[in-house]
Amino acid sequence: AQKITQTQPGMFVQEKEAVTLDCTYDTSDQSYGLFWYKQPSSGEMIFLIYQGSYDEQNATEGRYSLNFQKARKSANLVISASQLGDSAMYFCAMREDYNFNKFYFGSGTKLNVKP
Amino acid sequence: GAVVSQHPSWVICKSGTSVKIECRSLDFQATTMFWYRQFPKQSLMLMATSNEGSKATYEQGVEKDKFLINHASLTLSTLTVTSAHPEDSSFYICSRGTGKETQYFGPGTRLLVL
Numbered sequence: 058a059q060k061i062t063q064t065q066p067g068m069f070v071q072e073k074e075a076v077t078l079d080c081t082y083d084t085s086d087q088s089y090g091l092f093w094y095k096q097p098s099s100g101e102m103i104f105l106i107y108q109g110s111y112d113e114q115n116a117t118e119g120r121y122s123l124n125f126q127k128a129r130k131s132a133n134l135v136i137s138a139s140q141l142g143d144s145a146m147y148f149c150a151m152r153e154d155y156n157f158n159k160f161y162f163g164s165g166t167k168l169n170v171k172p
Numbered sequence: 019g020a021v022v023s024q025h026p027s028w029v030i031c032k033s034g035t036s037v038k039i040e041c042r043s044l045d046f047q048a049t050t051m052f053w054y055r056q057f058p059k060q061s062l063m064l065m066a067t068s069n070e071g072s073k074a075t076y077e078q079g080v081e082k083d084k085f086l087i088n089h090a091s092l093t094l095s096t097l098t099v100t101s102a103h104p105e106d107s108s109f110y111i112c113s114r115g116t117g118k119e120t121q122y123f124g125p126g127t128r129l130l131v132l
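Protein chains in written order, with the numbering used here: chain F, 58 to 172; chain Z, 19 to 132.
Calculated directly from the structure, the hints in this document are not laboratory data.
Computed from a prediction, not measured in an experiment: that's the story for all the values here.
Backbone N, C-alpha and C fix where the C-beta goes; we use that ideal spot for every residue, glycine too.
Do not take every clue at face value.
[Unchecked claim] Here's a subset of chain Z near chain F, in silico, CB distances under 8 angstroms, partners left out:
hint, residue
1, 37
2, 46
3, 47
4, 49
5, 50
6, 57
7, 62
8, 69
9, 72
10, 123
11, 126
12, 130
[Said to hold, decoys possible] In silico PhoX-like cross-links for lysine-lysine, where the CA-CA straight-line distance does not exceed 25 angstroms:
hint, chain 1, residue 1, chain 2, residue 2
13, Z, 82, F, 171
14, Z, 73, Z, 32
15, Z, 59, Z, 38
16, F, 127, F, 159
17, Z, 59, Z, 32
18, Z, 38, Z, 84
19, Z, 32, F, 60
20, F, 159, F, 73
21, Z, 73, Z, 59
22, Z, 84, Z, 32
23, F, 159, Z, 32
24, Z, 59, Z, 84
25, F, 73, F, 167
26, Z, 38, Z, 73
27, F, 60, Z, 59
28, F, 171, Z, 84
29, F, 167, F, 60
30, Z, 59, F, 167
31, Z, 38, F, 60
32, F, 159, F, 60
33, Z, 84, F, 159
34, F, 159, F, 130
35, F, 60, F, 171
36, Z, 82, Z, 38
[To be verified] Far from chain F, some chain Z residues (derived; all Cβ distances over 12 angstroms):
hint, residue
37, 56
38, 59
39, 63
40, 73
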């Protein structure tokens, strides 16, 4: 089974509106980390936000927040007040803490922000 | 600023030649670094874990003799694509061994084999 599933190949959002990018994960490990990365057309992977499996509160970093629903095994990224510069690929990733350095990536979601 | 650099950012080579890609950890002595491969419009796939002073650990399905990894110092790992063929054309990204909350990626190297 896939470790990380992103079901939205592409998304459109109007500038200044909020958008949610979906991510579900599969693990039997109790201790794990969830990550979101942004990849603009340049190719660089830009770290956005992290959520630990034991963190009780949803992570937030500026306009980014992670809607963590552990029972559903979902870790959706919410971008508030979208900006044109948010147009990029977004990847959800997971790391199981027993294998600390191995990351599993989803297939990505291409976000287009419309002016 | 950037904590991981890669060189070159772009390389075009003829089929049959070997290409070396460098990955440097700029702010941290990394005993472990990672190499990923990304095909167009696809996700990153871990190729191998580069271990300073010892052999790299390759993921299943990755040819060790095709993708040679050397981690000779705590700040430098190299990936050599040997006898490159057009199917090796891809985007190669390295990252450095991590703190708990993230993994820092290099800017990537685009390889085109003609």
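So, going through the hints one by one against the coordinates:
| no. | hint | in the structure |
| --- | --- | --- |
| 1 | 37 | violated (17 angstroms) |
| 2 | 46 | violated (14 angstroms) |
| 3 | 47 | violated (16 angstroms) |
| 4 | 49 | violated (10 angstroms) |
| 5 | 50 | holds (6 angstroms) |
| 6 | 57 | violated (11 angstroms) |
| 7 | 62 | holds (5 angstroms) |
| 8 | 69 | violated (10 angstroms) |
| 9 | 72 | violated (15 angstroms) |
| 10 | 123 | holds (4 angstroms) |
| 11 | 126 | holds (4 angstroms) |
| 12 | 130 | violated (14 angstroms) |
| 13 | 82/Z with 171/F | violated (44 angstroms) |
| 14 | 73/Z with 32/Z | violated (28 angstroms) |
| 15 | 59/Z with 38/Z | holds (24 angstroms) |
| 16 | 127/F with 159/F | holds (21 angstroms) |
| 17 | 59/Z with 32/Z | holds (24 angstroms) |
| 18 | 38/Z with 84/Z | holds (12 angstroms) |
| 19 | 32/Z with 60/F | violated (37 angstroms) |
| 20 | 159/F with 73/F | violated (35 angstroms) |
| 21 | 73/Z with 59/Z | violated (31 angstroms) |
| 22 | 84/Z with 32/Z | holds (16 angstroms) |
| 23 | 159/F with 32/Z | violated (33 angstroms) |
| 24 | 59/Z with 84/Z | holds (23 angstroms) |
| 25 | 73/F with 167/F | holds (17 angstroms) |
| 26 | 38/Z with 73/Z | holds (17 angstroms) |
| 27 | 60/F with 59/Z | holds (19 angstroms) |
| 28 | 171/F with 84/Z | violated (43 angstroms) |
| 29 | 167/F with 60/F | holds (20 angstroms) |
| 30 | 59/Z with 167/F | holds (9 angstroms) |
| 31 | 38/Z with 60/F | violated (31 angstroms) |
| 32 | 159/F with 60/F | holds (12 angstroms) |
| 33 | 84/Z with 159/F | holds (22 angstroms) |
| 34 | 159/F with 130/F | holds (19 angstroms) |
| 35 | 60/F with 171/F | violated (31 angstroms) |
| 36 | 82/Z with 38/Z | holds (15 angstroms) |
| 37 | 56 | violated (8 angstroms) |
| 38 | 59 | violated (8 angstroms) |
| 39 | 63 | violated (8 angstroms) |
| 40 | 73 | holds (16 angstroms) |
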